[in-house]
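Undergrad: Here is what each chain is made of, one letter per residue.
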Amino acid sequence: MIQAEGLVKHYGNVRAVEGVSFEVGRGEIVGFLGPNGAGKSTTMRMLTGYLHPDQGRVHIAGHEMASDGQKARASLGYLPESTPLYRDMRVDRYLQFVGELRGLNRAQRKDALERVFEATDLAGYTERKIGTLSKGYRQRVGLAQALISDPDVLILDEPTSGLDPAEIVRVRDRIVALAETKTILLSTHVLPEVEEVCRRVIILAGGRIVADGSLLELSAGREECLLVTFVAPEQEALAACADLPGVLNCSVSSRGLNGRLRLQLDVRERFDVAERLGALATDKAWPLLELRHDVPTLERVFLDYTRSGSQEEKP
Amino acid sequence: MSRTLAIFKRELLASFESPVAYVTIGLFVLVQAGLFFYMGYPIGPAPLPSLWAGGQASLTVLFTWLPLLLAFLVPALTMGTWSEERSTGTEELLLTHPVLIREVVLGKFLASWILVCLLVTLSIMPVAWTVSGLGDLDWATVWCGLGGAFLLGAGYVAVAQLVSALSSHQLLAFLLGAMVLGMLWVLRLLVEVLPVSLASLVDYACPSTHFLDSAARGVLDLRDAVYFALLVVFGLTLNALVVEARRWR
Numbered sequence: 000m001i002q003a004e005g006l007v008k009h010y011g012n013v014r015a016v017e018g019v020s021f022e023v024g025r026g027e028i029v030g031f032l033g034p035n036g037a038g039k040s041t042t043m044r045m046l047t048g049y050l051h052p053d054q055g056r057v058h059i060a061g062h063e064m065a066s067d068g069q070k071a072r073a074s075l076g077y078l079p080e081s082t083p084l085y086r087d088m089r090v091d092r093y094l095q096f097v098g099e100l101r102g103l104n105r106a107q108r109k110d111a112l113e114r115v116f117e118a119t120d121l122a123g124y125t126e127r128k129i130g131t132l133s134k135g136y137r138q139r140v141g142l143a144q145a146l147i148s149d150p151d152v153l154i155l156d157e158p159t160s161g162l163d164p165a166e167i168v169r170v171r172d173r174i175v176a177l178a179e180t181k182t183i184l185l186s187t188h189v190l191p192e193v194e195e196v197c198r199r200v201i202i203l204a205g206g207r208i209v210a211d212g213s214l215l216e217l218s219a220g221r222e223e224c225l226l227v228t229f230v231a232p233e234q235e236a237l238a239a240c241a242d243l244p245g246v247l248n249c250s251v252s253s254r255g256l257n258g259r260l261r262l263q264l265d266v267r268e269r270f271d272v273a274e275r276l277g278a279l280a281t282d283k284a285w286p287l288l289e290l291r292h293d294v295p296t297l298e299r300v301f302l303d304y305t306r307s308g309s310q311e312e313k314p
Numbered sequence: 000m001s002r003t004l005a006i007f008k009r010e011l012l013a014s015f016e017s018p019v020a021y022v023t024i025g026l027f028v029l030v031q032a033g034l035f036f037y038m039g040y041p042i043g044p045a046p047l048p049s050l051w052a053g054g055q056a057s058l059t060v061l062f063t064w065l066p067l068l069l070a071f072l073v074p075a076l077t078m079g080t081w082s083e084e085r086s087t088g089t090e091e092l093l094l095t096h097p098v099l100i101r102e103v104v105l106g107k108f109l110a111s112w113i114l115v116c117l118l119v120t121l122s123i124m125p126v127a128w129t130v131s132g133l134g135d136l137d138w139a140t141v142w143c144g145l146g147g148a149f150l151l152g153a154g155y156v157a158v159a160q161l162v163s164a165l166s167s168h169q170l171l172a173f174l175l176g177a178m179v180l181g182m183l184w185v186l187r188l189l190v191e192v193l194p195v196s197l198a199s200l201v202d203y204a205c206p207s208t209h210f211l212d213s214a215a216r217g218v219l220d221l222r223d224a225v226y227f228a229l230l231v232v233f234g235l236t237l238n239a240l241v242v243e244a245r246r247w248r
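Top line first, the protein sequences correspond to chains V and G. In terms of numbering that gives the first Met the number 0, the first sequence has 2 at position 3, counting the first letter as 1, and numbering is strictly consecutive. In terms of numbering that gives the first Met the number 0, the second sequence has 133 at position 134, counting the first letter as 1, and numbering is strictly consecutive.
There may be inaccurate statements among the hints.
Think about it this way: if two alpha-carbon atoms lie no more than 20 Å apart in a straight line, the pair counts; the simulated SDA-like pairs of lysine to any residue are [unchecked claim]:
1) V:134 x G:89
2) G:8 x V:106
3) G:8 x V:125
4) G:8 x V:88
Beta-carbon label-pair distances, calculated as ranges [what the hints assert, rightly or not]:
5) V:114 x G:182: 19 to 25 Å
6) V:133 x G:48: 58 to 64 Å
7) G:178 x V:212: 54 to 60 Å
Calculated from the structure, these hints are not laboratory results. Glycine included, C-beta positions come from ideal geometry on N, C-alpha and C.
Given these sequences and hints, build the entire structure.
TA: Here it is as structure tokens:
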């Protein structure tokens, strides 16, 4: 539904986006991640037709943006970063206006307004001026305008930035509900958001894609973390664990009552290491209380990838 | 067309939701009436007396002031058309809807033009009624002058809207717009001192020439309508190109 082929965008001498290609299939919900200045917003602006790429092509729902822009734009709903809306307008009039721009007739607009008011919980606020609404409600209006013509594709640039925690949860829930029927590309630098909402993640750094895959795929092959808790003398246990093949690093995570010791081990091939840990505990007669795999957080994956991405940038 | 109409309605509504339109219109009506009744037109080689001093039932003074006053008022009304969209970021959302840039440009133009026509009508008609009560006013000249003022307004709006598209801030758009339109007005005063061949060319290029020498005097001239139509087409085409070019920046 969303196809980006070799997108390049330079602002003067600044290389904002440097050859970005990816595809998002029907019904997928993809997180678009990257540090500030990675080129996320620029890429999204090219995907939505606001900026023309210096090189490369964009297809939305099979329509090419450069040659068939109107149809391509009609197939997508866009929520730009910082939600720019006409602050002097009433919510309902603004959404009517967007409906007219999107070619809905009077009856369709009426239905569409009712639908988006319900979907975004805006009932009761429809006659308010947009400028008098809180940031959270303005964000709902932003989402409502993106949904008004019920497009197949949604492109949301930082939809939860600047919202309070309760509102973030609400927006996130709404996005998850939308994902059942729509193709969604969602940019954010709030990592838990991606973990909860997206099945696939694209990480951008320095204007390039440095990773693209499911969270599991992205964390595979990387260092993993084991947490082991036994009753053992600290120095001896540390030394013994650090000597085990496959252990890269070993440190004390916490110390409990009655000599309980929790160690954190950065490892490769965690099953092999787990087996060796079990054998070690048996040999030394250290009662093994717990052994578990600490799933790498997206934060860690993200930091790994963006660090290596920005290193590649340097000559 | 329906999208142009949507833009038109939104822009017009927005004009009346901010106090700028009311203040501008009110100020304009008062200033015009004051100038007409008490001051006359003292600028240039052929000054005109005020109504009370001259005692003629004619609106010539009113029409003669229009090109200069509109040079400031039109930019005041159009300064936000593009610059505000840009500074608040709403342009991004607007242009990612399935609209064509020319539809947006035209819708914005029509809204500002209607507003200017309203402003001109409100400033001329009450004065015309007053004068017709005092003496024998030639209504044909009034209608002709009003029509000419609408055309002049269209030309000014096209220029000021183009300037707004080139500016990133409202204030800058106003100052630049007033400067450009003001300079076009001043050019006509320079005609006296320029060599003859250049003078006629400069005179022809001035929007005010195509109003003051014909419609304002009650003379209908199709060539003036063509001039303003070309000015509008030129201004709006450049406007669309400027907005389009920014997407390539």
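Undergrad: Could you run down the list of hints and mark each one as holding or not?
TA: Against the structure, the hints:
Between residue 134 of chain V and residue 89 of chain G, the direct Cα distance comes to roughly 16 Å. Compliance with the 20 Å bound is thereby established for this hinted pair. This hinted pair checks out: residue 8 of chain G and residue 106 of chain V have alpha carbons roughly 19 Å apart, not beyond 20 Å. Distance restraint check for residue 8 of chain G and residue 125 of chain V: the Cα-Cα separation of roughly 19 Å lies within the 20 Å cut-off, and the hinted pair is therefore satisfied. Only pairs whose Cα atoms come within 20 Å are accepted, and residue 8 of chain G paired with residue 88 of chain V is accepted, the gap being roughly 12 Å.
The hint said 19 to 25 Å for the Cβ distance between residue 114 of chain V and residue 182 of chain G, and at roughly 52 Å that hint is violated. About 60 Å separates the C-beta atoms of residue 133 of chain V and residue 48 of chain G, a value consistent with the hinted range of 58 to 64 Å. Range check, residue 178 of chain G to residue 212 of chain V: Cβ separation about 56 Å, and the 54 to 60 Å hint holds.
Going through the hint list in order, the structure does not satisfy hint 5, though it satisfies all others.
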